[in-house]
Amino acid sequence: METQDNDPGQAMATKGDEEMTAQKLIQITDFHINADPSERAEGRDTLKTLGAVVEAVRPEVPDLVLATGDLVNHGSPAAYGRLRPLLHRLGRPVAAIPGNHDLVAAMQEHLADDVISLERVRLAGGWSIVLLDSTVEGEHHGHLG
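Each residue of the sequence shown is one higher than the last, beginning at 1 in this note's numbering.
There's no promise every hint is true.
[As the list claims (entries may be wrong)] Label-pair ranges, simulated between beta-carbon atoms: (1) G138 to A78: 14 to 24 Å; (2) S128 to R44: 27 to 37 Å; (3) S128 to E42: 16 to 26 Å; (4) H141 to R44: 19 to 29 Å; (5) G81 to R44: 18 to 28 Å; (6) E18 to R44: 37 to 47 Å; (7) G43 to G126: 42 to 52 Å; (8) Q27 to G126: 33 to 43 Å; (9) Q108 to G51: 41 to 51 Å; (10) S38 to G126: 27 to 37 Å; (11) E139 to P77: 14 to 24 Å; (12) D45 to V121: 43 to 53 Å; (13) T29 to V121: 35 to 45 Å.
In short, the hints are calculated from the structure, not lab data.
Using N, Cα and C, we set each Cβ at its ideal position, and we do this for glycine too.
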């Protein structure tokens, strides 16, 4: 990989014949959205809290938002249904991976669409962004390898 400076704020790199451009990524994690709007997590309305995060992130105009685990609190389809419109408000592509509170099948059915991807490898600006899923179905701990 070679690097070159075209613009001081935009370092460029090449990988073979492919030009790699700087990417703005924003990671958000551990939303713990509940299916029941009245349910709180540690006294917090998690949907309202995430809404404030979304409003803070939107002006940044990231190339990709990484939503990394524990997106909902109990893996319920209804919780993913409450989460999806909020992630769409970002107005940017979202790459999501599960955490130990998520259920992959429910994520695939009730969250994934043309904006929210569950793919483990995303290509962006010539970069391969690899998302590691450490969940062990039915267990609280995770594992890689």
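Hint check:
1. G138 to A78: 14 to 24 Å: Given a distance of about 21 Å, which is inside 14 to 24 Å, the answer is holds.
2. S128 to R44: 27 to 37 Å: holds, 35 Å
3. S128 to E42: 16 to 26 Å: The hinted range 16 to 26 Å is violated for S128 and E42, with Cβ atoms some 36 Å apart.
4. H141 to R44: 19 to 29 Å: Given about 24 Å between the Cβ atoms, the range holds.
5. G81 to R44: 18 to 28 Å: About 20 Å separates the Cβ atoms of G81 and R44, which means 18 to 28 Å holds.
6. E18 to R44: 37 to 47 Å: Distance hint for E18, R44 holds at roughly 44 Å.
7. G43 to G126: 42 to 52 Å: The hinted range 42 to 52 Å holds for G43 and G126, with Cβ atoms some 44 Å apart.
8. Q27 to G126: 33 to 43 Å: For G126 against Q27, whose Cβ atoms are near 20 Å apart, the range 33 to 43 Å is violated.
9. Q108 to G51: 41 to 51 Å: Cβ of Q108 to Cβ of G51: about 24 Å, so the range 41 to 51 Å is violated.
10. S38 to G126: 27 to 37 Å: Given range 27 to 37 Å: violated, Cβ gap about 46 Å.
11. E139 to P77: 14 to 24 Å: holds, 21 Å
12. D45 to V121: 43 to 53 Å: This hint is violated: roughly 34 Å between Cβ atoms.
13. T29 to V121: 35 to 45 Å: Violated, since T29 and V121 (Cβ atoms, about 19 Å apart) do not stay within the stated range.
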